[in-house]
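Undergrad: One-letter residues, chain by chain:
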Amino acid sequence: MEYILQQSINALGWGSVMALLGAGYTMTFGIIGLVNFAHGEVLMAGAIAAYIAMSVLGLPFWVGVIASVAGSVAIGLIIERVCFKPVRNVGMITLFIVSLGASIILRNLSILTLGDQLKPFLVPDFFAGVFTFGNLYIFKKNIIIFSLTVIIGVTLATFVRKTKFGVAMRSVSYDSSLSQAMGINTEKIIVFTFILSSILCGIAAVFWGLLYGYVSSSIGVEVVVAAFIASVVGGIGNINGAIASGYILGIGGALFVAFLPPDLVGLRPLFLWLVFFLILFLKPSGLFRANIK
Amino acid sequence: MNENFLLEMRQVSAGYGKMTVIHDMSIALEEKSIVTLLGANGVGKTTILRTILGQTVLSSGQIFFFGEDISKKPTYFRATLGIGYCPEGRAVFGNLTCKENLQAGAFTLKDKRRYQENLDRVYSLFPILEERTNQLAESLSGGEQEMLAIGRALMSSPRLLLLDEPSLGLAPQLIQQIKETLKTINEQGVTVLLVEQNAHMALDLADYGYLIKKGSIAFEGTAMEIKDNEQVKDVYLGIM
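Residue numbers (our numbering), protein chains in the order written: chain A, 69 to 361; chain B, 35 to 274.
Treat the hints with caution; some may be incorrect.
Ranges of calculated distance between the beta carbons of each label pair, as one might list FRET restraints [unchecked claim]: (1) A:V158 to B:L202: 29 to 37 Å; (2) A:I219 to B:E221: 48 to 56 Å; (3) B:G203 to A:L145: 43 to 51 Å; (4) B:N38 to A:K361: 36 to 44 Å.
Derived by calculation from the structure, the hints in this document are not laboratory data.
Just so you know, even glycine gets a beta-carbon here, dropped at the ideal spot from N, CA and C.
Using the sequences plus the hints, can you model the full thing?
TA: Structural data, given as structure tokens:
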């Protein structure tokens, strides 16, 4: 029992990263039907921006955070305007293929200019350290990341539930042309959704760096499928659902590996797919109510 | 032409993609009137409403709202001018609650007090919606969804209300209720453009009407003139 608790606590940081990525993914999925293969590169853009700010230019951590969010938002917006907007009404498959192209181009641009090797992410001393609670070891950074993500999650949930904008986001996700007839400027809502989604990636990039002490040009491809699965499991377009699913996948995945025999540890990704297919069989619409028709 | 028409379509041809559905159509709505569009399925009645909203491809002609040319304006802009829309088929936002649907309808409203007034008005017109206020719209019955769609269209204090087949598939009692609601709304100053299969209900309510046939106007006149017209009687055998 204690072993499970310890493993779960260890996975709080990673679960938080998954939660944020899933939340950002599900927003853009719900609002224009985009299965975004380039979501991982939006994360990568933030991570690389933070790396350049902190490790290359030697700027302090808080600048790195701003750089990460700015980098993610910049790339996220560029992809939206250049790649997705022109084909928005053509269909989901086209959008998906376009995102795949954007992902390949961005990832390889980064590899070409900066290389694919791991790049150090300087973790400030503030995040180092361990608490002990009985027999449990709790890494400080896991708690900080988890707490911040909970705050972000609650803020997002309130925003989506209570504000006019949040209602507009959900109505555009359900029926875009009917929303227009209500006087909602759907273009503005879509752009705003992409910005919000990218901000979450920028924050997740910082958390990634704090957890692992490195970033790279390829971190995008490692997470994009998991983000997709989190959004489907949670109910497409449902932000709370994606956050919950992110934690389920992150912590569940860690527990899954913890109970595997050592030579089967490579089967970790299997857990994602098991959950994915389980949901598709039992409740394909997702754990929570999706925001699409 | 006149500036005392609330809405004018002048020689409008419009449709979807390369297909033109309505041809060279001219319609004029006087302020505070109830006008109905009659005709069989598929003749273009819904297309007319969607063209007013800007959700079709306008190949020729112009649309004026209070004398202002809105032909090139996007849909959301036209909504902010005071055009409310109740589409056919009980189109509610299924993922939003009853109340959130009404909030969505009031999106263009800046005045909190007017929002509350409109909400109270919708709840007094359709008390069942207040009962179901926090329920997801998709869990409402067909009749309740139709009431929600109509109520939502009223939330923005529109000057022109476009309704597409509000009575379709509803029980007679509810149809009567909706008829009275529309009458009340009109008396409060809202101009109504009503697409209806139920010619009886429509002509009872309307001051003026257009009979649409294959994308063109076959006949237009006052409600009385339409009721007396042989062409119309041909189309609506046995209803009148």
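Undergrad: Could you run down the list of hints and mark each one as holding or not?
TA: Taking the hints in turn, this is what the structure says about them:
no. : hint                         : result
1   : A:V158 to B:L202: 29 to 37 Å : 32 Å, holds
2   : A:I219 to B:E221: 48 to 56 Å : 51 Å, holds
3   : B:G203 to A:L145: 43 to 51 Å : 45 Å, holds
4   : B:N38 to A:K361: 36 to 44 Å  : 41 Å, holds
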